[in-house]
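Novice: Can you make the complete structure from the sequences, with help from the hints?
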Amino acid sequence: MKQFTIRFVTIFLIIIRFEVFAQEAIWVSYPSANQTVYGVYHFRKTFDLEKVPEKLIIYVSADNRYNLFVNGQRVCYGPAKGDLQTYKYDVIDIAPFLRRGENLLAALVYNGGEDKPLAFISSQTAFMLQVENEKFNRINTGTEWKVYKNPGYKVISYDEMLFDERWFYGFYACGGGDEVFAEKYPWGWETTSFDDNNWLAAESLEFDKQPPWNLVPRNIPFMAGHLVYPSKIRKITGIGIPTGEWNGQTPLIVP
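If you count by this note's numbering, then the sequence shown holds residues 11 to 265, one letter each, in order.
Worth double-checking, as some hints may not be accurate.
List of simulated lysine-lysine pairs, DSBU-like, C-alpha gap at most 30 Å [as the list claims (entries may be wrong)]:
| hint | residue 1 | residue 2 |
| --- | --- | --- |
| 1 | Lys55 | Lys164 |
| 2 | Lys245 | Lys91 |
| 3 | Lys164 | Lys219 |
| 4 | Lys156 | Lys91 |
| 5 | Lys65 | Lys55 |
| 6 | Lys55 | Lys156 |
| 7 | Lys242 | Lys98 |
| 8 | Lys219 | Lys98 |
| 9 | Lys91 | Lys159 |
| 10 | Lys219 | Lys156 |
| 11 | Lys164 | Lys91 |
| 12 | Lys55 | Lys242 |
| 13 | Lys194 | Lys145 |
| 14 | Lys194 | Lys245 |
| 15 | Lys55 | Lys91 |
| 16 | Lys245 | Lys164 |
| 17 | Lys164 | Lys194 |
| 18 | Lys159 | Lys219 |
| 19 | Lys242 | Lys194 |
| 20 | Lys61 | Lys164 |
| 21 | Lys145 | Lys98 |
| 22 | Lys145 | Lys156 |
| 23 | Lys65 | Lys98 |
| 24 | Lys91 | Lys65 |
| 25 | Lys55 | Lys98 |
| 26 | Lys219 | Lys145 |
| 27 | Lys164 | Lys65 |
Label-pair distances were calculated between CB atoms; the ranges are [what the hints assert, rightly or not]:
| hint | residue 1 | residue 2 | range |
| --- | --- | --- | --- |
| 28 | Ile67 | Thr247 | 44 to 52 Å |
| 29 | Lys65 | Pro261 | 32 to 40 Å |
| 30 | Asp58 | Gln95 | 36 to 44 Å |
| 31 | Cys184 | Lys159 | 34 to 42 Å |
| 32 | Pro261 | Val226 | 36 to 44 Å |
| 33 | Ile67 | Ile243 | 37 to 45 Å |
| 34 | Ile230 | Glu60 | 34 to 42 Å |
| 35 | Thr153 | Glu112 | 17 to 25 Å |
| 36 | Glu112 | Lys159 | 43 to 51 Å |
| 37 | Lys164 | Asp103 | 34 to 42 Å |
| 38 | Phe57 | Ala192 | 27 to 35 Å |
| 39 | Ser42 | Phe130 | 45 to 53 Å |
Since the hints were made in silico from the structure, they are not lab data.
Values in this document were obtained by computation on a predicted structure and should not be read as measured data.
The beta carbon of each residue, even a glycine, is placed where N, CA and C say it ideally should be.
Specialist: Rendered as structure tokens:
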């Protein structure tokens, strides 16, 4: 009987803490953006630490999807699939990625718009990050975060792909593709040395009642991932770059 009571109290406290977090979470977006169309957005927040905490738990989610970086290191990708009534958030300890002095949280947020995969249930472009320890509330998403809309991305629409034999014929559920123009890309945006003075302040989203996302924790493990670098350039046409050894870890400038 005592064992049952202890478990009940523990579960009750967890539920209460989760409900408080879900109600207080601040969602942000790009100011005056069309919130349902295709777009790729970069968010940044710098902060200083006199001492690195042993643990610093954050809750993070986005609509449609996010990639989170801490001090230039890719930490996680999410959220897991769900619908608006069971919209997933992730719980991450970012302490191992922190350091004394200046630190940076950075997130790439992607909205596939009308060409998003069928499994991406969406309301609007949005990003949310909230810290568990109230002493670090300054890193929560809000207007102190900066945001940039990446002009280097262009959607390859579902309609374009549907009748192009290079892609497929028939039903397709995985969404459109992306065309990336490297000369427009803000390279190094996820590092502390990047100059974001021309970026805009993020816009805090306001809702008449509750946010459209009913947040629930991720219920499956994160996808595994690791870096793979190329070994050499096999063939190049149309530009004057020599073929040969290249490990992918040094800059390669395409004229």
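Novice: Which earlier hints can't be squared with this structure?
Specialist: 2, 3, 7, 12, 13, 20, 27, 31, 36 and 39
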